[in-house]
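Residue numbers (the numbering used here), protein chains in the order written: chain L, 1 to 527; chain P, 1 to 287; chain W, 1 to 293.
What the hints contain is simulated information worked out from the structure, not anything from laboratory work. Watch out, some of these pointers could steer you wrong.
Unchecked claim - Derived BS3-like pairs (lysine-lysine); straight-line CA-CA distance at most 25 Å:
id: 1; chain 1: L; residue 1: Lys-144; chain 2: P; residue 2: Lys-40
id: 2; chain 1: L; residue 1: Lys-116; chain 2: P; residue 2: Lys-40
id: 3; chain 1: L; residue 1: Lys-367; chain 2: L; residue 2: Lys-316
id: 4; chain 1: L; residue 1: Lys-144; chain 2: L; residue 2: Lys-468
id: 5; chain 1: L; residue 1: Lys-420; chain 2: P; residue 2: Lys-48
id: 6; chain 1: P; residue 1: Lys-48; chain 2: L; residue 2: Lys-138
id: 7; chain 1: P; residue 1: Lys-48; chain 2: L; residue 2: Lys-116
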Amino acid sequence: MTRNRWFISFFVLWNLVAPGHCVHAAVSQVLHLGNGTEPKDLDPQTVTGVPETKIIQSLFEGLVDKDPKSLEPRPGVAESWKVSKDGKVYTFKLRRNAKWSNGDPVTAADFIFSWKRLLDPKTASEYAYQGYYFRGGKNFNTGKTDGSQLGIKSTDPYTLEVTLENPTPYFLSLLYHHSLYPVHQQTVEKYQMRWTRPEHIVSNGAFLLKKWQMNKVIIVERNPTYWDAVNVKLDSVHFHAIEKAETEEKLFQVKKLHATATVPTEKIASWTQNASGVLKRHPYLGTYYYWINVNRPPLNKPQVRKALALAIDREKLVKFVVKGGQAPAESFTPPGTGGFQPQAKLPRDLSRLNEAQALLAQAGFPKGKGFPTIEILYNTSEGHKKIAEAIQQMWSEHLGVKASLYNQEWKVFLDTQHSKNYMISRAGWIADYNDPHTFLELLTTGNGNNHSSWSNLNYDGVLEQVQKEISSKKRLELFQKAEDILLEELPVIPLYIYTRLYLLSPQVQGWYDNVEDIHPLKWVWIQ
Amino acid sequence: MRLTYLLKRLAVMIPVFFFVVTLVFFMIRFAPGGPFSSEKSVSPAILKNLEMKYHMDEPLVRQYLRYLKDLLKGDLGPSFKHANRTVNEIIAEALPVSVELGLLALMWALVIGITSGGLAALKPNSPFDYIPMTFSLLGICFPTFVVGPILVLIFGVWLEWLPVAGWDTWADRVLPSLTLGFAYAAYISRLTRGGLMEMRVQDFIRTARAKGLTETQILTQHALKGGLLPVISYLGPALAGIITGALVTETIFNIPGLGRFFIESAVNRDYTVVMGTALLFFAHLCL
Amino acid sequence: MSELSTAVPSSQGVSLWDDAWARLKKNRLALLAATFLILEVLIFFLAPLIAPHSYEVQDLERTMTGPSWRHWFGTDTLGRDLFARVLYGGRVSLTVGILASMVSAIVGVIYGSISGFLGGRWDNLMMRVVDVLYALPFIFLVIILMVYFGRNFMLLFVALGLTQWLTMARIVRGQVLSLRHKEFIEAATVLGIQRKWIIFRHLIPNTLGPVIVYLTLTVPAVILEEAFLSYLGLGIQAPLASWGTLIKEGVDVMDLAPWMLFFPALFLSATLFSLNFLGDGLRDALDPKGAKD
Numbered sequence: 001m002t003r004n005r006w007f008i009s010f011f012v013l014w015n016l017v018a019p020g021h022c023v024h025a026a027v028s029q030v031l032h033l034g035n036g037t038e039p040k041d042l043d044p045q046t047v048t049g050v051p052e053t054k055i056i057q058s059l060f061e062g063l064v065d066k067d068p069k070s071l072e073p074r075p076g077v078a079e080s081w082k083v084s085k086d087g088k089v090y091t092f093k094l095r096r097n098a099k100w101s102n103g104d105p106v107t108a109a110d111f112i113f114s115w116k117r118l119l120d121p122k123t124a125s126e127y128a129y130q131g132y133y134f135r136g137g138k139n140f141n142t143g144k145t146d147g148s149q150l151g152i153k154s155t156d157p158y159t160l161e162v163t164l165e166n167p168t169p170y171f172l173s174l175l176y177h178h179s180l181y182p183v184h185q186q187t188v189e190k191y192q193m194r195w196t197r198p199e200h201i202v203s204n205g206a207f208l209l210k211k212w213q214m215n216k217v218i219i220v221e222r223n224p225t226y227w228d229a230v231n232v233k234l235d236s237v238h239f240h241a242i243e244k245a246e247t248e249e250k251l252f253q254v255k256k257l258h259a260t261a262t263v264p265t266e267k268i269a270s271w272t273q274n275a276s277g278v279l280k281r282h283p284y285l286g287t288y289y290y291w292i293n294v295n296r297p298p299l300n301k302p303q304v305r306k307a308l309a310l311a312i313d314r315e316k317l318v319k320f321v322v323k324g325g326q327a328p329a330e331s332f333t334p335p336g337t338g339g340f341q342p343q344a345k346l347p348r349d350l351s352r353l354n355e356a357q358a359l360l361a362q363a364g365f366p367k368g369k370g371f372p373t374i375e376i377l378y379n380t381s382e383g384h385k386k387i388a389e390a391i392q393q394m395w396s397e398h399l400g401v402k403a404s405l406y407n408q409e410w411k412v413f414l415d416t417q418h419s420k421n422y423m424i425s426r427a428g429w430i431a432d433y434n435d436p437h438t439f440l441e442l443l444t445t446g447n448g449n450n451h452s453s454w455s456n457l458n459y460d461g462v463l464e465q466v467q468k469e470i471s472s473k474k475r476l477e478l479f480q481k482a483e484d485i486l487l488e489e490l491p492v493i494p495l496y497i498y499t500r501l502y503l504l505s506p507q508v509q510g511w512y513d514n515v516e517d518i519h520p521l522k523w524v525w526i527q
Numbered sequence: 001m002r003l004t005y006l007l008k009r010l011a012v013m014i015p016v017f018f019f020v021v022t023l024v025f026f027m028i029r030f031a032p033g034g035p036f037s038s039e040k041s042v043s044p045a046i047l048k049n050l051e052m053k054y055h056m057d058e059p060l061v062r063q064y065l066r067y068l069k070d071l072l073k074g075d076l077g078p079s080f081k082h083a084n085r086t087v088n089e090i091i092a093e094a095l096p097v098s099v100e101l102g103l104l105a106l107m108w109a110l111v112i113g114i115t116s117g118g119l120a121a122l123k124p125n126s127p128f129d130y131i132p133m134t135f136s137l138l139g140i141c142f143p144t145f146v147v148g149p150i151l152v153l154i155f156g157v158w159l160e161w162l163p164v165a166g167w168d169t170w171a172d173r174v175l176p177s178l179t180l181g182f183a184y185a186a187y188i189s190r191l192t193r194g195g196l197m198e199m200r201v202q203d204f205i206r207t208a209r210a211k212g213l214t215e216t217q218i219l220t221q222h223a224l225k226g227g228l229l230p231v232i233s234y235l236g237p238a239l240a241g242i243i244t245g246a247l248v249t250e251t252i253f254n255i256p257g258l259g260r261f262f263i264e265s266a267v268n269r270d271y272t273v274v275m276g277t278a279l280l281f282f283a284h285l286c287l
Numbered sequence: 001m002s003e004l005s006t007a008v009p010s011s012q013g014v015s016l017w018d019d020a021w022a023r024l025k026k027n028r029l030a031l032l033a034a035t036f037l038i039l040e041v042l043i044f045f046l047a048p049l050i051a052p053h054s055y056e057v058q059d060l061e062r063t064m065t066g067p068s069w070r071h072w073f074g075t076d077t078l079g080r081d082l083f084a085r086v087l088y089g090g091r092v093s094l095t096v097g098i099l100a101s102m103v104s105a106i107v108g109v110i111y112g113s114i115s116g117f118l119g120g121r122w123d124n125l126m127m128r129v130v131d132v133l134y135a136l137p138f139i140f141l142v143i144i145l146m147v148y149f150g151r152n153f154m155l156l157f158v159a160l161g162l163t164q165w166l167t168m169a170r171i172v173r174g175q176v177l178s179l180r181h182k183e184f185i186e187a188a189t190v191l192g193i194q195r196k197w198i199i200f201r202h203l204i205p206n207t208l209g210p211v212i213v214y215l216t217l218t219v220p221a222v223i224l225e226e227a228f229l230s231y232l233g234l235g236i237q238a239p240l241a242s243w244g245t246l247i248k249e250g251v252d253v254m255d256l257a258p259w260m261l262f263f264p265a266l267f268l269s270a271t272l273f274s275l276n277f278l279g280d281g282l283r284d285a286l287d288p289k290g291a292k293d
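The following block holds chain L by itself, in its conformation from the complex (with noise of 0.2 Å):
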């Protein structure tokens, strides 16, 4: 016992003279943040991932900045522009004090060298398809014209003209995604593929990146030569790279980190009653659905995938199993995605049982009589396997339908995807950028993202036309019609709409809740 008690006064003690990490409340301005898994690199149009997009955001800027509480497009390295009449051409006039890291000014050449960086098919940039929206972008990707031909140009250092394929009206909105962000065309070209180590990195934004210890953490700090500099209230910023969310969520609760970038989902419960109201919870740009694969019988006839959705009781799926507060989806496309409010097709609850299962009956399978048993197939997680578990049971309870599960190792599922070679499996898809049309081109025939083998012309004619339509009341109706389609022939089974769910410091302020879950740092403090 007395061993004991000497343990214990020693590490309080160790404690005490160990230099921690803890957060000091007082003056402090450096944000320890939990940032998922570690980046894999920080090139702006090299990356695809949630991780490194939050940080490639306080490194770099773009033409256009956003408001961090409406999202409205702001000035960034663009101090105005103007768009034509017919929606395709945009002038931006750039500021002069806009200046990369060291010391050169950001000039209309660099955007040229990124955006053609960006669509050179050498570049092999998985988001090349952010630059089809330029004049030439999509052929100049293809191979089939070299850069000469694309939509950019510059009349000086300052001004840059924009060509568009198609008016786009989100196409500023476009512009803060950071495939479209500068990048310093001397560094590039000298060192290559390492270019964005710490030792050699310029650019252009708040802040400056510092140090990068792999599974550790990115350590960011403020930019002096930003030209915003004064306004950027944090000193540093540090990224770390969490894998286990249980981990992450520990740290925040003694105070090492500020915000995490998620929470457990069994722990939201206990955080909802947590009277600091640390929880955050916002609606969240995204679906969670099932494909069905519509070339396996029984499910290639629609009475039966019809039947499937209705069985559902998605109120008591999030609710009881994914608990996070989220909202069950009545439609494919989130409500309020670029203003679009769908309209309800599939029910919250089991209202409409009784017409699922006369669908059923319809197809040939009353009560689920001389129905073969259905593959449920997902990705390995506790979270999709207890959503699995519960459709499963409510599948054989309400429909008498027997449903197996099973489960597979993330690039294994995804070739089983690829290959079409399952009955139903679990997805989810998360908006590049804020209109219906990054939902529901998902659906068109030959989109290589499509895993349903679902192709309807009528649908693809639909989304075709919104392409050239300008007017955005028309564009919502066109929207709700492919919707109107997509929920009547079911390739997929939309089940509940993503939110936001993480901890955040009551400290930290100027940080805002938003649907495209964009915190712009540069904005931020602690209080």
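The hints should help you fit chains P and W onto chain L, whose structure is shown.
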């Protein structure tokens, strides 16, 4: 004599090493998925360009020869996932962390294991025997993924004595090394007890006992030497496993060690890193 | 018990076994352990009759409730009865644990003793093969096996046995090497007894002590490794669970629902303790020299 032995061993190991290189190189290519498969599917044109960037468009045999050539120069190639790093750099960054964690864990394992095993052997079939042996059994049946979170919950979250995760200060090193050491302590404790018990019935110990030495004296002066032999022969493989196999501990405590790359590279199909870590593990095993 | 002895080729002198059995009967702890194990096996295989609830029926409005009269071990995150899940999980885990350990023991003992007995060049070659197999990335091995053989329950034993027999082979080989030059083996060689017989009659029985001890340690390792294989998609499919997956689930919620960790862990450790006592008893019974303390 010693030198010829080493040379002989080397002469055997080198062909085996190249056999491992070849086997692993071709084996990992048979698994579905590749380094570039991702949730948002990549267009065939982009995929082709990505593959070109890493020479993956070449026939497999050519890729293999290229790899061998680089390997002879000591170059393990670039990582697919960590785009601006080479495998050599990744190992250089992560290996020291793993070695430190491994040595600390081994220290715990030895201290706890030998003390408890020794006590047990000194007073067999008494509480001094049962209690440590019970604990050592618990250590074997509770894997690190259970022990780690329990220690974190008690010492990190409830008592707040020690950090819950990280790898900066000395305090950060206590819980992870203890967690990792615990499992090994269990084995060492059993081996120690077994070894010492064996010694107790040996003739020279009986002689010592006849001379009137106390059990403690016998244990510390005579029996430990021979009785710890099984422990010592266990240490070699244990160290290889402890350094490269600390994946779970590293994940729980968010430690930037090598163990995480073992599984992460496999999951990402980061072929060069898989090769690098597998070869490193094999090299450890041969030492 | 009977499973354990099948590992041993039965071509031995009868008296040794009678002797061992007589000694084992005197070891009360070992007998108690054996009784417990047999009872456990009975309970698990009669689980459908014993468990008051189904292991898969969810009650979403009663998730993560503590132990009660209704649910003896409480409920899990989907409101399923934990008692039933632990019993059904025990079926899976015990089957997997014992069968896969047996596979590893048989392969490991035969391989290790041949390698150790032949010695020299052959021993060197055989042990290098073991080294090479150690170095193969296990994840890929399992994934590739699954690609070619599908999600087959038998594959689970192959995959688990594959990793475990290597260490067993090393241990046995070391033991055999030290026995090789003992008088009774040399005598047997001089008498012109066939090598095959020397290995099976004289070498293997004498390695049984360490083999049994290591075997009792392999069982829990295999039971927990099964949870990792189910991550790769091999093994049992949800909603059925094993102790390994139950414990994994329990760890993440142990501060909210400690019973979800406690009960599966309790069963796993009780089983392991019994196996261990039984193993010690068997070792002592089979090896009169070492049984003095």
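Verification of the hints:
1. Lys-144(L) to Lys-40(P): Status holds; Cα separation ~23 Å.
2. Lys-116(L) to Lys-40(P): 22 Å, holds
3. Lys-367(L) to Lys-316(L): This hinted pair holds, its Cα atoms lying about 22 Å apart.
4. Lys-144(L) to Lys-468(L): 23 Å, holds
5. Lys-420(L) to Lys-48(P): Distance ~22 Å between Lys-420(L) and Lys-48(P) Cα, so the pair holds.
6. Lys-48(P) to Lys-138(L): 16 Å, holds
7. Lys-48(P) to Lys-116(L): 19 Å, holds
Going down the numbered hints, you'll see the structure goes against none, and every one checks out.
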